Amino acid sequence: MRGTARLFNRPPIFDRRSLPGLSAAGIRNSVLAALAIAVVGAAVFWFTGRAALPSLDPRFEAELITKVTPLIEAKLTTDWSTRPAEMACAVKPVGTIPADADTITQVQAVYVWASCETLTAQRTAAVLPIGVHLAPVIGFDIPTDADWGTGHVTTLFPERFHDALLLGERPEGLETALKARVQELS
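Heads up, the sequence shown is in full-length UniProt numbering, so the first residue is 1 and it goes up one at a time.
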């Protein structure tokens, strides 16, 4: 006997001789097949567990954008700047609470990606996830640098939005929409 089995004075757990007709190549192929199945299973689990959120109806999404864009611009202007009407934002809704809301009156909160820019000579910009609470009162979940550093940012957004908002995968088209919004407000 070889290996650690001899150290403990016990027979090995697996001995090729105990499986007649199974060669070393057969064992290797069986192990490789099992590994391949495990990898495929892990990939399926990974992608199904991280499934994309269902997309919003385009008309409903447009309503949400129309509703929350000026609210976000006003909030960021108040919080981040010294002059009124100084921020321009483009937003892309990720989802709502409740999830099955299909009219603006049903929405209690909407979670968006926002790309915002100051309308001053010294342009500064930010792209960040924001939660906008519409009912019962208007409120905002806007992560700060400290929230990102401490991990507190995960408590600002419902868990079902974490992949869409916290993994840094920004939606396409935000920059183009921001340029259009800047021109509209200038």
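These aren't lab readings, by the way, just hints derived from the structure by calculation. Owing to the predicted nature of the structure, the values given are computational and were not obtained by experimental measurement. Cβ atoms here follow ideal geometry from the backbone N, Cα and C, with glycine treated the same way. Heads up, a few of these hints could be off.
[Stated by the list, open to error] Straight-line C-alpha distance at most 27 Å; calculated DSSO-like pairs for lysine-lysine:
1. K92 <-> K179
2. K92 <-> K75
3. K179 <-> K75
4. K179 <-> K67
5. K92 <-> K67
[To be verified] Derived Cβ-Cβ restraints for the label pairs, each shown as a range:
6. D57 <-> H152: 16 to 22 Å
7. T103 <-> R123: 23 to 29 Å
8. E175 <-> P98: 20 to 26 Å
9. A121 <-> E175: 16 to 22 Å
Evaluation of the provided hints:
At most 27 Å may separate the alpha-carbon atoms for a hinted pair to count; K92 and K179 meet this at roughly 14 Å. With a C-alpha separation of about 17 Å, the suggested pair K92 and K75 falls inside the 27 Å cut-off, and the hint holds. Restraint check: the Cα-Cα separation between K179 and K75 comes to about 20 Å, which is no more than 27 Å; the hinted pair holds. Of the pairs offered as hints, the one joining K179 and K67 holds, with about 19 Å between alpha carbons and a cut-off of 27 Å not exceeded.
For the hint linking K92 to K67, the alpha-carbon distance of about 12 Å falls within 27 Å, and the restraint holds. In this structure, D57 and H152 break the distance hint of 16 to 22 Å, their C-beta atoms being roughly 33 Å apart. At about 36 Å, the CB distance of T103 to R123 disagrees with the hint of 23 to 29 Å. About 30 Å separates the C-beta atoms of E175 and P98, a value inconsistent with the hinted range of 20 to 26 Å.
Between A121 and E175, the C-beta spacing of about 20 Å keeps the proposed range 16 to 22 Å intact.
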